[in-house]
Amino acid sequence: MKHFEYVRPKTIADAIAAAAEPGAAYLASGTNLLDLMKGGITRPDRLVDVTGLPGLDRIEHLADGGIRIGALVRNADLAHDPDFVRSYPAVAEALLSGASAQLRNAATVGGNLLQRTRCGYFYDTASACNKREPGTGCDARGGENRLHAVLGWSEACIATHPSDFCVPLVALDATVEIEGRAGRREMALEALHRLPGDTPERENMLEPGDLIVALRLPAEARAFAAHARYLKVRERTSYAFAVVSATAALRLEAGKIREARLALGGVAAKPWRPHQAEKLLAGASPDVPAFRRAAEAALADAKPSGDNLFKIELARRIIVRALTLAAAGTPARIAALPASPFASVSGALQDA
Amino acid sequence: MNLSISLTVNGVRRDVALSDPRVTLLDLLRERLHLTGTKKGCDRGQCGACTVLVDGRRINSCLALAISHDGADILTIEGIARGDQLHPVQAAFIAHDGFQCGFCTPGQIMSAIGLIGEAQAGDDPERVREGMSGNLCRCGAYAGITEAVLEAQQRLANANRRRSA
Numbered sequence: 001m002k003h004f005e006y007v008r009p010k011t012i013a014d015a016i017a018a019a020a021e022p023g024a025a026y027l028a029s030g031t032n033l034l035d036l037m038k039g040g041i042t043r044p045d046r047l048v049d050v051t052g053l054p055g056l057d058r059i060e061h062l063a064d065g066g067i068r069i070g071a072l073v074r075n076a077d078l079a080h081d082p083d084f085v086r087s088y089p090a091v092a093e094a095l096l097s098g099a100s101a102q103l104r105n106a107a108t109v110g111g112n113l114l115q116r117t118r119c120g121y122f123y124d125t126a127s128a129c130n131k132r133e134p135g136t137g138c139d140a141r142g143g144e145n146r147l148h149a150v151l152g153w154s155e156a157c158i159a160t161h162p163s164d165f166c167v168p169l170v171a172l173d174a175t176v177e178i179e180g181r182a183g184r185r186e187m188a189l190e191a192l193h194r195l196p197g198d199t200p201e202r203e204n205m206l207e208p209g210d211l212i213v214a215l216r217l218p219a220e221a222r223a224f225a226a227h228a229r230y231l232k233v234r235e236r237t238s239y240a241f242a243v244v245s246a247t248a249a250l251r252l253e254a255g256k257i258r259e260a261r262l263a264l265g266g267v268a269a270k271p272w273r274p275h276q277a278e279k280l281l282a283g284a285s286p287d288v289p290a291f292r293r294a295a296e297a298a299l300a301d302a303k304p305s306g307d308n309l310f311k312i313e314l315a316r317r318i319i320v321r322a323l324t325l326a327a328a329g330t331p332a333r334i335a336a337l338p339a340s341p342f343a344s345v346s347g348a349l350q351d352a
Numbered sequence: 001m002n003l004s005i006s007l008t009v010n011g012v013r014r015d016v017a018l019s020d021p022r023v024t025l026l027d028l029l030r031e032r033l034h035l036t037g038t039k040k041g042c043d044r045g046q047c048g049a050c051t052v053l054v055d056g057r058r059i060n061s062c063l064a065l066a067i068s069h070d071g072a073d074i075l076t077i078e079g080i081a082r083g084d085q086l087h088p089v090q091a092a093f094i095a096h097d098g099f100q101c102g103f104c105t106p107g108q109i110m111s112a113i114g115l116i117g118e119a120q121a122g123d124d125p126e127r128v129r130e131g132m133s134g135n136l137c138r139c140g141a142y143a144g145i146t147e148a149v150l151e152a153q154q155r156l157a158n159a160n161r162r163r164s165a
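So the protein lines, in turn, are chains V and E. The numbering used here puts the first residue of the first sequence at 1, with every later residue one more than the last. The numbering used here puts the first residue of the second sequence at 1, with every later residue one more than the last.
Just so you know, the hints here were simulated from the structure itself, not pulled from any lab data. The beta carbon of each residue, even a glycine, is placed where N, CA and C say it ideally should be. It is possible that some hints are incorrect.
To be verified - Negatives, chain E to chain V, calculated, CB over 12 angstroms:
{"id": "1", "residue": "R13"}
{"id": "2", "residue": "L35"}
{"id": "3", "residue": "G56"}
{"id": "4", "residue": "A64"}
{"id": "5", "residue": "D97"}
{"id": "6", "residue": "Q100"}
{"id": "7", "residue": "R155"}
Said to hold, decoys possible - Okay, derived cross-link-like pairs now, DMTMM-like style, lysine to aspartate or glutamate, Cα gap no bigger than 20 angstroms in a straight line:
{"id": "8", "chain 1": "V", "residue 1": "K10", "chain 2": "V", "residue 2": "E21"}
{"id": "9", "chain 1": "V", "residue 1": "K10", "chain 2": "V", "residue 2": "D57"}
{"id": "10", "chain 1": "V", "residue 1": "K279", "chain 2": "V", "residue 2": "E220"}
{"id": "11", "chain 1": "V", "residue 1": "K38", "chain 2": "V", "residue 2": "D173"}
{"id": "12", "chain 1": "V", "residue 1": "K2", "chain 2": "E", "residue 2": "D20"}
{"id": "13", "chain 1": "E", "residue 1": "K40", "chain 2": "E", "residue 2": "D27"}
{"id": "14", "chain 1": "V", "residue 1": "K10", "chain 2": "V", "residue 2": "D210"}
{"id": "15", "chain 1": "V", "residue 1": "K256", "chain 2": "V", "residue 2": "E220"}
{"id": "16", "chain 1": "V", "residue 1": "K279", "chain 2": "V", "residue 2": "D301"}
{"id": "17", "chain 1": "V", "residue 1": "K2", "chain 2": "V", "residue 2": "D45"}
{"id": "18", "chain 1": "V", "residue 1": "K38", "chain 2": "E", "residue 2": "E31"}
{"id": "19", "chain 1": "V", "residue 1": "K279", "chain 2": "V", "residue 2": "E190"}
{"id": "20", "chain 1": "V", "residue 1": "K38", "chain 2": "E", "residue 2": "D97"}
{"id": "21", "chain 1": "V", "residue 1": "K38", "chain 2": "V", "residue 2": "E5"}
{"id": "22", "chain 1": "V", "residue 1": "K38", "chain 2": "E", "residue 2": "D20"}
{"id": "23", "chain 1": "V", "residue 1": "K10", "chain 2": "V", "residue 2": "D49"}
{"id": "24", "chain 1": "V", "residue 1": "K303", "chain 2": "V", "residue 2": "D139"}
{"id": "25", "chain 1": "V", "residue 1": "K10", "chain 2": "V", "residue 2": "E179"}
{"id": "26", "chain 1": "V", "residue 1": "K38", "chain 2": "E", "residue 2": "D27"}
{"id": "27", "chain 1": "V", "residue 1": "K2", "chain 2": "V", "residue 2": "D124"}
{"id": "28", "chain 1": "V", "residue 1": "K2", "chain 2": "E", "residue 2": "D55"}
{"id": "29", "chain 1": "V", "residue 1": "K2", "chain 2": "E", "residue 2": "D27"}
{"id": "30", "chain 1": "V", "residue 1": "K10", "chain 2": "E", "residue 2": "D70"}
{"id": "31", "chain 1": "V", "residue 1": "K303", "chain 2": "V", "residue 2": "E144"}
Using the sequences and the hints, build the whole thing.
The following block contains the structure:
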């Protein structure tokens with residue numbers, strides 16, 4: 001690991017000043033950053049440790065019915081907060097389907113949002129990677145790419161965003177609060193991550209020194225609590241990134257879908273929200289033909305970036321299955337295997 | 001820059017002067033404090049051999065910078081027995097053959113103690129397996145590990161009931 005200067009500021013203003021310098025990086029728990037530094041993929045000159053900053057580790061209930069989650073809240077603490085699980089069950093299920101218990105105990109909310117892709121060529125410093133070293137090419141294009149993107153990719157980069165947490169969050173209109181040199185601002189989480197285009201090294205809309213301080217979910221997001229699921233296909237039962245994942249959340253009234261929310265993980269460089277598919281579901285009966293029409297719409301623009309044509313049909317089927325599970329109702333307790341397609345739920349076709 | 005930190009390790013305060021901010025909590029335990037029970041497997045957060053409890057929570061010590069944990073309370077495999085009396089999780093691993101070569105065992109045991117403390121898995125084997133998925137065992141002793149965790153969980157729950165009765 002390259003040598004670095006370590007600073008531990010006590011105020012957000014000091015943190016921003018220290019991190020705005022070229023070569024500086026924020027350190028929270030480090031579950032992703034230290035791994036990247038050990039591999040020589042990321043080589044910061046200075047680490048700005050934010051774990052000593054005050055006030056960022058709280059879950060607050062807002063007067064308007066929303067919830068505000070500090071950026072330093074640990075993934076496990078959020079996933080096991082009883083009120084949070086009741087109000088946003090798909091988000092808790094997604095959190096518990098990610099990483100391992102040890103990593104969830106350490107990893108923070110802000111760090112989860114800003115984790116880097118696990119593309120093997122990004123991680124291998126002997127390979128060409130436009131994200132790691134702009135202009136060097138993309139060895140994933142002609143390499144092992146069956147798990148790579150099928151939506152929003154470019155010739156420059158076909159990597160996917162690895163977060164489970166972000167998938168239900170974008171579906172539920174989460175907002176991020178950012179402190180930076182120009183003060184405080186906020187943006188929709190859906191707008192935070194960028195598609196690769198010609199600049200895959202620019203993964204999000206943050207400027208030097210920008211610090212995510214909190215995440216908010218609006219009061220309306222609670223209205224989906226009775227019919228909200230996350231479903232994640234992995235290559236092993238636990239402790240693996242998504243091949244494809246989907247969140248489905250429904251508001252049902254008089255046997256019809258009043259409003260639907262959908263998002264996909266593992267298919268693009270950002271959590272992918274197919275708004276057009278959500279619109280198709282509004283007013284429809286919650287049945288498999290309607291779910292299939294929505295799934296077709298969600299993947300209408302998908303194309304394989306390599307040996308991953310299978311992911312397009314897999315994503316359609318996972319959407320149908322997630323919608324079927326959501327329509328059947330959120331279980332009283334998160335399943336023993338969170339988000340697993342191997343957990344049986346009555347009313348859902350296991351081969352859908 | 002002052003890189004000195006203070007930790008409580010297995011109940012004993014330890015002051016350590018770090019020469020370099022790159023030292024992980026794992027390397028500090030093994031190389032500076034000579035507590036080599038905590039193992040370095042992958043050193044990348046994938047195998048769980050380095051699992052320790054920090055302020056009561058199980059984490060991968062290989063992905064934790066020591067300098068970032070000034071003031072923390074650390075519990076390692078060396079700190080769980082009382083003299084010659086094994087911790088109930090240690091005893092259960094022996095009773096159920098929860099290991100073969102033993103390299104992953106300190107991490108498995110510390111992870112199991114963390115899991116039982118989290119109180120999410122109860123007596124459900126599926127929840128125990130899921131909760132232990134961050135600890136790999138190349139010998140494939142998983143069946144014995146799950147049995148050991150379930151028995152230790154039961155024993156500790158009974159002991160707690162007796163204490164509160």
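Item checked: Holds or violated: K38/V to E5/V, with C-alpha atoms at most 20 angstroms apart -> Holds: K38/V and E5/V sit about 16 angstroms apart, inside 20 angstroms.
Notebook entry, point to check: Per the stated criterion, does the least C-beta distance between R13/E and chain V lie above 12 angstroms, as a non-interface residue requires?
Noted result: holds (20 angstroms)
Margin query: Checking a non-interface call: every C-beta of chain V should be farther than 12 angstroms from the C-beta of L35/E. Is that right?
Written below: Holds, because the least Cβ-Cβ distance between L35/E and chain V comes to about 18 angstroms, which exceeds 12 angstroms.
Note to self: Given the hinted pair K2/V and D27/E, is their Cα-Cα distance within 20 angstroms?
What the structure shows: holds (16 angstroms)
Check: Does K38/V pair with D20/E here, judged by a C-alpha cut-off of 20 angstroms?
Finding: holds (15 angstroms)
Checklist line | Given pair status - D45/V, K2/V, alpha carbons within 20 angstroms | finding: holds (8 angstroms)
Check: Within 20 angstroms, alpha carbon to alpha carbon, are K10/V and D57/V?
Finding: The given pair, whose Cα atoms are some 14 angstroms apart, holds under the 20 angstroms limit.
Check: With d taken as the least Cβ-Cβ distance between D97/E and chain V, does d exceed 12 angstroms?
Finding: D97/E is indeed farther than 12 angstroms from all Cβ atoms of chain V, at 23 angstroms.
Margin query: If I take the minimum Cβ distance from R155/E to any residue of chain V, is it greater than 12 angstroms?
Written below: holds (21 angstroms)
Check: Taken at face value, is the distance from the CA of D210/V to the CA of K10/V at most 20 angstroms?
Finding: Holds - the C-alpha atoms of D210/V and K10/V are around 16 angstroms apart, at most 20 angstroms.
Check: Is it the case that A64/E keeps its Cβ farther than 12 angstroms from each residue Cβ in chain V?
Finding: Check fails; 7 angstroms does not lie beyond 12 angstroms.
Check: Is the hinted pair K38/V and D27/E satisfied, with a Cα-Cα distance of at most 20 angstroms?
Finding: Measuring from Cα to Cα gives roughly 13 angstroms; hence the hint holds.
In the structure shown, a violation is registered for the earlier hints numbered 3, 4, 11, 20, 28, in ascending order.
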